[in-house]
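Take the sequences, apply the hints, and build the full model.
Number of protein chains: 2
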Amino acid sequence: MASPFKLLHTDSKTAARVGRLTTAHGVVETPAFMAVGTQATVKAMAPTELRTLGAQIILGNTYHLMIRPGLDVIQQAGGLHRFMGWDGPILTDSGGFQVFSLAKLRRITPDGVEFQSHVDGAKLFLGPREAMAAQATLGSDIAMAFDECVAWPCDRESACKSVELTLQWAARCREAGRASCPSAAKDAGKKTGGRESPLGTTSLSRGTPVLQHQLLFGIVQGGIYGELRERCARELVAMDFDGYAIGGVSVGEPEQEMLRQVDVSVPHLPADRPRYVMGVGTLPQLLAMIARGADMFDCVLPTRSARMGRVYTMRGAYAIKNAENRADLGPLEKGCACYACQNFTRAYVRHLVWCNEILGHRLLTWHNLHVYLELMRQARAAIVAGAFKEFQREFVARYVVKKENDESD
Amino acid sequence: MASPFKLLHTDSKTAARVGRLTTAHGVVETPAFMAVGTQATVKAMAPTELRTLGAQIILGNTYHLMIRPGLDVIQQAGGLHRFMGWDGPILTDSGGFQVFSLAKLRRITPDGVEFQSHVDGAKLFLGPREAMAAQATLGSDIAMAFDECVAWPCDRESACKSVELTLQWAARCREAGRASCPSAAKDAGKKTGGRESPLGTTSLSRGTPVLQHQLLFGIVQGGIYGELRERCARELVAMDFDGYAIGGVSVGEPEQEMLRQVDVSVPHLPADRPRYVMGVGTLPQLLAMIARGADMFDCVLPTRSARMGRVYTMRGAYAIKNAENRADLGPLEKGCACYACQNFTRAYVRHLVWCNEILGHRLLTWHNLHVYLELMRQARAAIVAGAFKEFQREFVARYVVKKENDESD
Chain A
-4 MASPFKLLHT DSKTAARVGR LTTAHGVVET PAFMAVGTQA TVKAMAPTEL RTLGAQIILG
56 NTYHLMIRPG LDVIQQAGGL HRFMGWDGPI LTDSGGFQVF SLAKLRRITP DGVEFQSHVD
116 GAKLFLGPRE AMAAQATLGS DIAMAFDECV AWPCDRESAC KSVELTLQWA ARCREAGRAS
176 CPSAAKDAGK KTGGRESPLG TTSLSRGTPV LQHQLLFGIV QGGIYGELRE RCARELVAMD
236 FDGYAIGGVS VGEPEQEMLR QVDVSVPHLP ADRPRYVMGV GTLPQLLAMI ARGADMFDCV
296 LPTRSARMGR VYTMRGAYAI KNAENRADLG PLEKGCACYA CQNFTRAYVR HLVWCNEILG
356 HRLLTWHNLH VYLELMRQAR AAIVAGAFKE FQREFVARYV VKKENDESD
Chain B
-4 MASPFKLLHT DSKTAARVGR LTTAHGVVET PAFMAVGTQA TVKAMAPTEL RTLGAQIILG
56 NTYHLMIRPG LDVIQQAGGL HRFMGWDGPI LTDSGGFQVF SLAKLRRITP DGVEFQSHVD
116 GAKLFLGPRE AMAAQATLGS DIAMAFDECV AWPCDRESAC KSVELTLQWA ARCREAGRAS
176 CPSAAKDAGK KTGGRESPLG TTSLSRGTPV LQHQLLFGIV QGGIYGELRE RCARELVAMD
236 FDGYAIGGVS VGEPEQEMLR QVDVSVPHLP ADRPRYVMGV GTLPQLLAMI ARGADMFDCV
296 LPTRSARMGR VYTMRGAYAI KNAENRADLG PLEKGCACYA CQNFTRAYVR HLVWCNEILG
356 HRLLTWHNLH VYLELMRQAR AAIVAGAFKE FQREFVARYV VKKENDESD
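In the order they appear, the protein sequences are chains A and B. The working numbering applies: residue -4 is where the first sequence begins, and numbers increase by one. The working numbering applies: residue -4 is where the second sequence begins, and numbers increase by one.
Keep in mind the hints are simulated off the structure, nothing from the lab. None of the hints are false.
The list treats identical chains as one, so a pair stands whether inside a single copy or across any two.
The calculated DSS-like cross-link candidates involving lysine-lysine, where the alpha carbons are at most 30 Å apart (straight line), are: (1) Lys329 - Lys384; (2) Lys99 - Lys316; (3) Lys397 - Lys316; (4) Lys316 - Lys118; (5) Lys397 - Lys384.
Here the structure is a predicted model, which is why all the values come from computation and not from measurement.
Right, here's the structure in full:
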């Protein structure tokens, strides 16, 4: 099978690039922002609205979905796409990040992690084999390898051990991934025994199982240690993943440290595979990552901040609850083409947010996601036009973050 | 001006009737259900979605809107329609019910009520004059007279005093209503001095004030005392309102008592004016009211219950959180044409509601409002077809309320 990723343009002044990733549920133009749909819903949005916004791909969280509603329910529904009514590409994380950040850990072994659900305390186990099986059941277009994400700060010895474990688990995931993909399994000499069927198929139309090619990305870890990042990247590349993520960023470290992890990882990743920086970031950060050669991003900021009344615009961020918006009859962002800005005023949205009305959350989510997706569209156009460096410089120069009470960015 | 209400059909076997109420923002076919938009939003819904649902008219709450965002903000926005982006008819209540049920009362005088805001404790005053001025500022299509709604149970003496006050206030509202309507003011011999302009106009398109004819409904009170209801109705009718509401029902009394208040009030109301039963009710109750000659209804049940996971259908009500829905791949209601039922399963909606996801509230609200509006459509068709009695009997016979944990109905 041809590589699912096609590199279309590479910027001459930065490492920015434009590409096209083909998945079982459609094409993703990169650089791409993935809206986060943790619990089988991008918070406050309906799937048709995501389409209207031009969302190309969304993210689902294996850990949350295995706890609620349970993988059996999603399997019966015919996979995550059918369950949530989204027929576009979905990337699922492996659950590793949540196991280490949300759950109460019980025991870590080479086979995986025993932990307790953060919802009801149920005892669960997740390792590379289980994470791959879960993602096969979800039927996502892109699965992520099961990894260990260390906290920040983290000493060198712990980071080193974590990279070891992440690489062992990556190898197991790669093997399980080949096993679950019939064509790959054939190439690998039919190592899979009787396991193709439950893992390698997903019911796209209820009752009619359809073979699906699920892409698998490896995750570069290594904390703040350049040589660990390099080693992790090199060994993952040797395993030949469909794409590579840079994990363990945006875990509390300063922005410059985060950018450095991308700088030290990217040179060791192949140009012909997509690069996904996990859990990042603000609008200027996305441009900084793109300039460093990153292609894909996910972040809860546009959706989570919306629920806190925070508005992102192409010229900065502000808090809608501020008194200056009380009788402001202008849109959330002047000139914005989104549904919220075309139909409602700041004064109205501010009123809704003060009253904790669902429509307020909806309109801010709509607008914020529009801005994130619009930035990606503009970035792609700038790269194609050979003007990305100027685009980034001008964007950052006019981007003002207004003082506020809620989380900073 | 011709009467805004045209009676089109009267049922031969019951008192049910079909009519057409013409307002400044459009026509309302009756019997009509009005979705409640307390804080300038029908909870969880966007205005375009209400249109898609076939909502003909919605309700706004003067008390809540004067507290948040404040009448000055809505005035600057050009009225409630423009503020909330809904260009169809709006009925506003007078604030009386909320003053007596939500606020901390300070003092009742013949001029009105001094009270403290339930939000921030601010000292406010609302009486017939203020309520009419507020509703003129909101620019609603139908204003309600300022009344006193007594609690249940209520002794005869208190109910009698309350009717006295309600009638005094109704007369003042009627006078203010005539004053605020330029044509009526002319008829009334220009009693209004210089007050036409601020009360009688509302800015429909920003910056371009347009004269608007606001209808005014009187409210029949009297508790459970038939002779008080009769007296109140007769005196209100003598004041010649555009429509008549039956208030002080659904305040905790048994259903039979509620129906009796409609029975004793309706005979004293003119056939050529719409009759609005306030704050009612379940689907079978709506049919019972229609059979008694009622034309308009509002109730928080479809929207509030949605947020509690309660599903209304044409065959009964159930709790989506129940275990039996965990892996149910059918729609919320079999055969339902609404957006939620056409696109999502019970299993998915149950999952969303368990996770307290906004989309869960949205889908249940969408469906519940669809059912309420659909029942009105079917009731109108049945009345026109001369088959309302059979329609009601069959509906009630198959309507099953499943046991659940949340509020009963």
